[in-house]
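Peer 1: Sequence lines, in order, name chains P and V. So my numbering is basically just the index in the first sequence, starting at one, shifted up by 2. So my numbering is basically just the index in the second sequence, starting at one, shifted up by 2.
None of these hints come from the bench; they were simulated from the model. You can trust all of the hints, since none of them are fake.
Identical chains blur together in the list; that is why a pair holds if it fits in one copy or across any two.
20 Å max Cα-Cα, derived SDA-like pairs, lysine to any residue:
1. K124 to I141
2. K124 to R9
3. K208 to L16
4. K47 to A179
5. K109 to E126
Letter by letter, the chains look like this.
2 protein chains.
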Amino acid sequence: MGNESLRGEGEALLSADVLRQALKKVGSERYHHQHPFHLLMHEGKLSRGQLQAWALNRYFYQSAIPVKDAIILSRSDDAEFRRAWRKRIIDHDGDGNARGGIEKWLKLAEATGLDAERVRSKQEILPATAYAVNEYLNIVRTRPLFEAVASSLTELFSRDLIALRMDRMRQHYPWLAGGLAYFEARLEQAPEDAAFAFEYVSTQAKSRAEQERVIQSLRDKCDILWAQLDALYFAYVQPGWPPPGAFRIES
Amino acid sequence: MGNESLRGEGEALLSADVLRQALKKVGSERYHHQHPFHLLMHEGKLSRGQLQAWALNRYFYQSAIPVKDAIILSRSDDAEFRRAWRKRIIDHDGDGNARGGIEKWLKLAEATGLDAERVRSKQEILPATAYAVNEYLNIVRTRPLFEAVASSLTELFSRDLIALRMDRMRQHYPWLAGGLAYFEARLEQAPEDAAFAFEYVSTQAKSRAEQERVIQSLRDKCDILWAQLDALYFAYVQPGWPPPGAFRIES
Chain P
3 MGNESLRGEG
13 EALLSADVLR
23 QALKKVGSER
33 YHHQHPFHLL
43 MHEGKLSRGQ
53 LQAWALNRYF
63 YQSAIPVKDA
73 IILSRSDDAE
83 FRRAWRKRII
93 DHDGDGNARG
103 GIEKWLKLAE
113 ATGLDAERVR
123 SKQEILPATA
133 YAVNEYLNIV
143 RTRPLFEAVA
153 SSLTELFSRD
163 LIALRMDRMR
173 QHYPWLAGGL
183 AYFEARLEQA
193 PEDAAFAFEY
203 VSTQAKSRAE
213 QERVIQSLRD
223 KCDILWAQLD
233 ALYFAYVQPG
243 WPPPGAFRIE
253 S
Chain V
3 MGNESLRGEG
13 EALLSADVLR
23 QALKKVGSER
33 YHHQHPFHLL
43 MHEGKLSRGQ
53 LQAWALNRYF
63 YQSAIPVKDA
73 IILSRSDDAE
83 FRRAWRKRII
93 DHDGDGNARG
103 GIEKWLKLAE
113 ATGLDAERVR
123 SKQEILPATA
133 YAVNEYLNIV
143 RTRPLFEAVA
153 SSLTELFSRD
163 LIALRMDRMR
173 QHYPWLAGGL
183 AYFEARLEQA
193 PEDAAFAFEY
203 VSTQAKSRAE
213 QERVIQSLRD
223 KCDILWAQLD
233 ALYFAYVQPG
243 WPPPGAFRIE
253 S
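One chain only, chain P, in its complex shape (with noise of 0.2 Å):
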């Protein structure tokens, strides 16, 4: 946390491929692939309650994600990039025919057991995580349109996430086979989306202090959804882990 908008004053701008490598780098320290939430759901050591948690909180989260984008074209004056932008929204949204991705989230949730209205009504989700999902939209909201753009990077990572855990939801939880079709369709989408965001950073961020900025938000967004899965784990499992780069205790 804190202020890092000095970072990379002065320096040489990142060539493309030397900051997708930053970023990747980023995603392999702080991206949830490592959370001790997952590593126990893909071990197959999550009860169904746990899962339900999960299901239950994360939906507040994908029904945030088309306010998110809505946000984000709305601070673009350029239509070219609206049009492709507003793609993420159908997507999650659905268009009529199609159901988009928080229709499947909830069947996913229907497959744990939860009723759909339940989880619907978001009355039983941790605070923890609407204020982590609530920060997101603080983001996009109020940093630089670039910014707001990069926190959407985690999507560089989230297709080997997803085939891993569909892979490991089959073998653990069979009984979930029937609610994956939200990952299912994650799978293309997600390269896509952070193919169009990658192009649009790297171009946009036009001194090495921007895009240390770029590189930031990207750690930002991985916090947010490493906070939501500390706040099940702390609620649903167990013991002390904090998170990367937070104050520790000297031993």
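For this one, chain P is given, so just place chain V on it according to the hints.
Peer 2: Chain V alone, transformed into the frame defined by chain P:
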């Protein structure tokens, strides 16, 4: 969490006394005096490192308080209200002679053995601390003014908690005794502030539905305090403790 806006619609207005009782009930159920992190603190069971983590994270909360109060002040068109409310900003920021609450908190952090600059930099806080505090700012920025004011009503309960805490700190962590000036000041400030805020909301909430919004705002603020301790407990202490009202796994 969730939409409570219709609660109380068409029902009779509560008297000021009954409203106060309803607020006290929220406090007894949700205020953070019950949080396991505070229970450990008051039993003398926290290590110096755990108290450092607490002081360092809560510094982020303390330093946002005058920002929160300035947002509230900025939203009132009543000079009398603004004159009364600005006292809070002075209490926390100081006046050039008397040290304000933020600096006093820094003294507490130093008494735990942390370097003031390290705390002031905010670099090592838990992301979840920032999300919870920023949600407090979201609330006072976006909800009707009487709800923003109502969110300060945790001060109805803080005097008792602070008196207990000072007593237990002197008993269990005598090396902290030189850092308690923040709490000393709050013993008097908090009840004054709470009396003003209660008077304001009890005259401004003109329907039962609005009174229910007052109660909900206090609940939401309690959740914000509670979530900060959850994050500390998860990162630096232990188990599984869903906050009041959140999903619970069926046993």
